[in-house]
Amino acid sequence: MKPTLALKVSFVAALVATFLLYLFAGRYPRPGFTNPASLFSDETARRIFFSIRLPRALGAILLGAVLGGSGAAFQTIFGNPLVDAGFLGVSQGAAFGAAAALVAGSLPIVKAMLPAFAINAFVSFASFVMALAALGASLALSKRFKFGGQVLRLILAGLAVSAFFSSLLAAVKYVADPLSQLPDIVFWTMGSLTAMGWQRFWTIAPVSLFSLGFLFLMRWRATLLSLDDEVSRSMGLRPEIERAAIAVIAATGVAAVTAACGIVSWIGLVVPQVARIYAGSDGRNSIPLSMAGGAIFALAADGIARTLFPGELPLGIVTALLGAIAFAILLASRSTEMAR
Amino acid sequence: MKTNNRKTTARAVFVLFFLFLATLTVFGQQRLVLGGKAVIMVADAVYLFPDAGRRVIAVAGADQGLGVFLSSIDGDFPKKPVIDKSAGTEVYASFKPDAVIMKSSMRKSAGPALDALGIKQLYLNLETPEDYVADILALGDFLGAKARAQQIVAYYDKALADIAGTIGKGGAGGQQSKPRVLLVQAASPAEGVWEVPPASWMQTRMVELAGGLPVWKGANPGAGWAKVNAEQIAAWSPDVVLVVNYRASAEASARSFSADARLFNVPAVRKGRVYGFAQDFYSWDQPDTRWILGLQWTARKLYPTLFAGYPIIDEARSFFSVMYGMDGTAFNATIAPKLSGDLAE
Amino acid sequence: MRELEARRVSFSRQGRGLILADISFKLPAGKKLAILGANGAGKTTLLSLLGGRLSPDTGGVALDGENVGTIAPRSLARKIAFLPQIERLPFNYRVLEFVLMGRAPHIAPLSLPGAPDEAIARSALAELGLAALEALRAGEISGGEFQLVRMARCLAQEAELLLLDEPTSLLDPANAQRVARELAALASKGKTIVFATHDIALARSLADLILVLGNHGALRLGPPAEVLMPDCLGQAFGVEFGMEKVPTAYSGLS
Numbered sequence: 003m004k005p006t007l008a009l010k011v012s013f014v015a016a017l018v019a020t021f022l023l024y025l026f027a028g029r030y031p032r033p034g035f036t037n038p039a040s041l042f043s044d045e046t047a048r049r050i051f052f053s054i055r056l057p058r059a060l061g062a063i064l065l066g067a068v069l070g071g072s073g074a075a076f077q078t079i080f081g082n083p084l085v086d087a088g089f090l091g092v093s094q095g096a097a098f099g100a101a102a103a104l105v106a107g108s109l110p111i112v113k114a115m116l117p118a119f120a121i122n123a124f125v126s127f128a129s130f131v132m133a134l135a136a137l138g139a140s141l142a143l144s145k146r147f148k149f150g151g152q153v154l155r156l157i158l159a160g161l162a163v164s165a166f167f168s169s170l171l172a173a174v175k176y177v178a179d180p181l182s183q184l185p186d187i188v189f190w191t192m193g194s195l196t197a198m199g200w201q202r203f204w205t206i207a208p209v210s211l212f213s214l215g216f217l218f219l220m221r222w223r224a225t226l227l228s229l230d231d232e233v234s235r236s237m238g239l240r241p242e243i244e245r246a247a248i249a250v251i252a253a254t255g256v257a258a259v260t261a262a263c264g265i266v267s268w269i270g271l272v273v274p275q276v277a278r279i280y281a282g283s284d285g286r287n288s289i290p291l292s293m294a295g296g297a298i299f300a301l302a303a304d305g306i307a308r309t310l311f312p313g314e315l316p317l318g319i320v321t322a323l324l325g326a327i328a329f330a331i332l333l334a335s336r337s338t339e340m341a342r
Numbered sequence: 061m062k063t064n065n066r067k068t069t070a071r072a073v074f075v076l077f078f079l080f081l082a083t084l085t086v087f088g089q090q091r092l093v094l095g096g097k098a099v100i101m102v103a104d105a106v107y108l109f110p111d112a113g114r115r116v117i118a119v120a121g122a123d124q125g126l127g128v129f130l131s132s133i134d135g136d137f138p139k140k141p142v143i144d145k146s147a148g149t150e151v152y153a154s155f156k157p158d159a160v161i162m163k164s165s166m167r168k169s170a171g172p173a174l175d176a177l178g179i180k181q182l183y184l185n186l187e188t189p190e191d192y193v194a195d196i197l198a199l200g201d202f203l204g205a206k207a208r209a210q211q212i213v214a215y216y217d218k219a220l221a222d223i224a225g226t227i228g229k230g231g232a233g234g235q236q237s238k239p240r241v242l243l244v245q246a247a248s249p250a251e252g253v254w255e256v257p258p259a260s261w262m263q264t265r266m267v268e269l270a271g272g273l274p275v276w277k278g279a280n281p282g283a284g285w286a287k288v289n290a291e292q293i294a295a296w297s298p299d300v301v302l303v304v305n306y307r308a309s310a311e312a313s314a315r316s317f318s319a320d321a322r323l324f325n326v327p328a329v330r331k332g333r334v335y336g337f338a339q340d341f342y343s344w345d346q347p348d349t350r351w352i353l354g355l356q357w358t359a360r361k362l363y364p365t366l367f368a369g370y371p372i373i374d375e376a377r378s379f380f381s382v383m384y385g386m387d388g389t390a391f392n393a394t395i396a397p398k399l400s401g402d403l404a405e
Numbered sequence: 253m254r255e256l257e258a259r260r261v262s263f264s265r266q267g268r269g270l271i272l273a274d275i276s277f278k279l280p281a282g283k284k285l286a287i288l289g290a291n292g293a294g295k296t297t298l299l300s301l302l303g304g305r306l307s308p309d310t311g312g313v314a315l316d317g318e319n320v321g322t323i324a325p326r327s328l329a330r331k332i333a334f335l336p337q338i339e340r341l342p343f344n345y346r347v348l349e350f351v352l353m354g355r356a357p358h359i360a361p362l363s364l365p366g367a368p369d370e371a372i373a374r375s376a377l378a379e380l381g382l383a384a385l386e387a388l389r390a391g392e393i394s395g396g397e398f399q400l401v402r403m404a405r406c407l408a409q410e411a412e413l414l415l416l417d418e419p420t421s422l423l424d425p426a427n428a429q430r431v432a433r434e435l436a437a438l439a440s441k442g443k444t445i446v447f448a449t450h451d452i453a454l455a456r457s458l459a460d461l462i463l464v465l466g467n468h469g470a471l472r473l474g475p476p477a478e479v480l481m482p483d484c485l486g487q488a489f490g491v492e493f494g495m496e497k498v499p500t501a502y503s504g505l506s
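Protein chains in written order, with this note's numbering: chain A, 3 to 342; chain B, 61 to 405; chain C, 253 to 506.
In isolation and in its complexed conformation, chain A is listed as follows (with noise of 0.2 Å):
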């Protein structure tokens, strides 16, 4: 159809401006705007844009793609458009993983063990492992519902587990020190890409890509899944494998860029909306566009998270005000691909 084309057209013209705007933008030398030719005068600079805002530029893409892209195929394969990227339990299980072990690196058993660097990357392994741990949780606990379809038994579970990690976060926060640990706890439940140099983009690239291009390939597939699971049986569909195959890959995506960024809310929940109104719910469209739409929405918010203070904003907060806005405006405005 040849207004999906131009859509398409213009998605990607957005993104690759975003991305530039990114990489000039800035505190060094003033904040604002970096002429580009300081990068061929100024050291700095060039290392700064090499070092910092590339890689931070890269993990951004990432985390925006991949959280846009999974919640468009969680919304798609349960037929559900309020679903979010991070509700089969993932998004809790990550924060408790990382919380606990944050405050379990000031113990001296866990510090002998651990050389001071190594702090970040246990941080990071815990929440990967407790998010995934979270998602098996929730996939076990819906085999045992007896009543319902998958989805519901599916959405169920994920509420039950994702509150069950809830309150053991609640419980880290209430023993951690107030003063040196609870802060960081904190600040990584706002997510943030801080921390995002080429050690981390690496460590991230490989799951999201693997599960960016998964949920690529299967998107169309995952649209036939969003029909009721009797009719596309009778289209020669396995409705429960393929939407466990789908929501696990995709679940794993989300881990890993939560475990190295934290919890960065409304990407997944808000992007997709915006791509359905502009491209339909048939999901050849909805899930590429939420790729891309999701990786301009967090290069712009962190873009004004590094740049707008001297200190840096929780990426988590800027998603979420931008989100919200932008979620309210939509609803008021237009139509939304919902069913009636």
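Among these hints, one or two may not hold up.
[Claimed, not checked] Below are the DSS-like pairs computed for lysine-lysine, each with C-alpha atoms no more than 27 Å apart in a straight line:
| hint | chain 1 | residue 1 | chain 2 | residue 2 |
| --- | --- | --- | --- | --- |
| 1 | A | Lys175 | B | Lys97 |
| 2 | A | Lys175 | B | Lys168 |
| 3 | A | Lys113 | B | Lys398 |
Simulated from the structure, these hints should not be mistaken for laboratory data. The structure presented is a predicted model; accordingly, all values stated were derived computationally and were not measured.
The hints should help you fit chains B and C onto chain A, whose structure is shown.
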């Protein structure tokens, strides 16, 4: 003879009365509990007063990971029961204290309940140099040791005056000649993430009193440490950088800072003026009784030539002697091994 | 496809006992079979058994001699298209996108539909006279049109056997007539149609063969003229039937 008898009696009564009062004060403040969060600052302040060891019967958990200083002053200290930092009122009451001394941040949460039990409380701010003067005088009144309090305050005042005088004499008073100073805590050195303190904290005051320009003022909207990345640090372009680390080696963090490729052009890095903040049991940048040492150390880093011939180690010896009654042997045995950070001149 | 055969099919459900007992019939290609019965008689169950969705307790269902239970889902979907009675529309898909989903059995899991698939979807819509609806959203068309669009999706599957559960039950006479006409046209082009219904008039006009289900199994199997007798229908539906001449929307179909 009668007059003499009367006079003697009068004097005797007078003396007895004062003895009685003195006994009252001694017995009246005999049992002290030091509680709540951030108890280290409170404990270090209380222990400035002699006899404090006898009066303190329990202390909340004091672990900032660098060893407990008070054990070396008061041999009985390790035997004192440890209260949980967030213990409830009943725990405090179980010690039957005459008074509880805490940081003023605890007033809202602990005050009403302690009032209900009739337990006296003393709250100390201990956040800025001015706080220290006021709080130590208050402690002096509370403990019946006014003279000692004034001795301590005089020590602080003299040290402050000496610093101001030396800097003023060196003609480094005007804004232009003040070095631009950055103080950071190591959050994630490998990834180039550092934290700066709020403008209201002791660290900022310390740098200003030492004749420096704290570049991070205005960067931190919050009430705690705020993250900044290498780009912002490069933009600030400080002349001197002081690196704090409460959990590991501050000098190592300072070396990491200097080694960061993106910061190679920062004046402090180019001129080798990146220093790990000095510490003994506790880091000297904190609002502990040691803040004066932190200030003296900072001044020496900012103006090395002005303070040449007045090594910081001498100040430390003097501090621990006056404040905690440590002689040279005790200092060498207890404090000297714990000294770290960039102490060299 | 040449023939659909059910051989002594029985099925019981946990807690509900025997639903179907000993059902047998042979349906040649191009013929239309109506499964008639009261609510709960087992019409949907039988359709599911015929479509290979459920496994019978005894006996079997064979498509051209091959047991449907042994055929892989994707191959099976290319031979049999099953249309449930109702379905939920989760998102406001466009009609063409919706019909295109019927091409799933012909497309590998990681692939997308191509131009040929789109052409087939379009012609499915055209065949049912729905070409004008192509660009509209599924939520904006009428109930009858939606039912026809669902049938177009089945057509796009290019299956030779269509199993439809109550295709006209929720439609008014005009839409029901349209659906019935299209089904007759499809059969004349060679498609085999099995449909479950409790609409006796539809069964009479459209079907070549009627299977009447009673409490536990077939009451009668045969052409409409033989089967649609008051006594047989009375037994099936549990009410008394009389004979009357009434107007019908389904005249002149077979």
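Quick rundown of the hints versus the structure:
1. Restraint check for Lys175 of chain A and Lys97 of chain B: satisfied, since their Cα atoms lie roughly 16 Å apart, inside the 27 Å limit.
2. At roughly 21 Å between alpha-carbon atoms, Lys175 of chain A and Lys168 of chain B fall within 27 Å of each other, so this suggested pair holds.
3. The suggested pairing of Lys113 of chain A with Lys398 of chain B holds, with an alpha-carbon distance near 20 Å, which does not exceed 27 Å.
Hint check: no violations occur; every hint is consistent with the structure.
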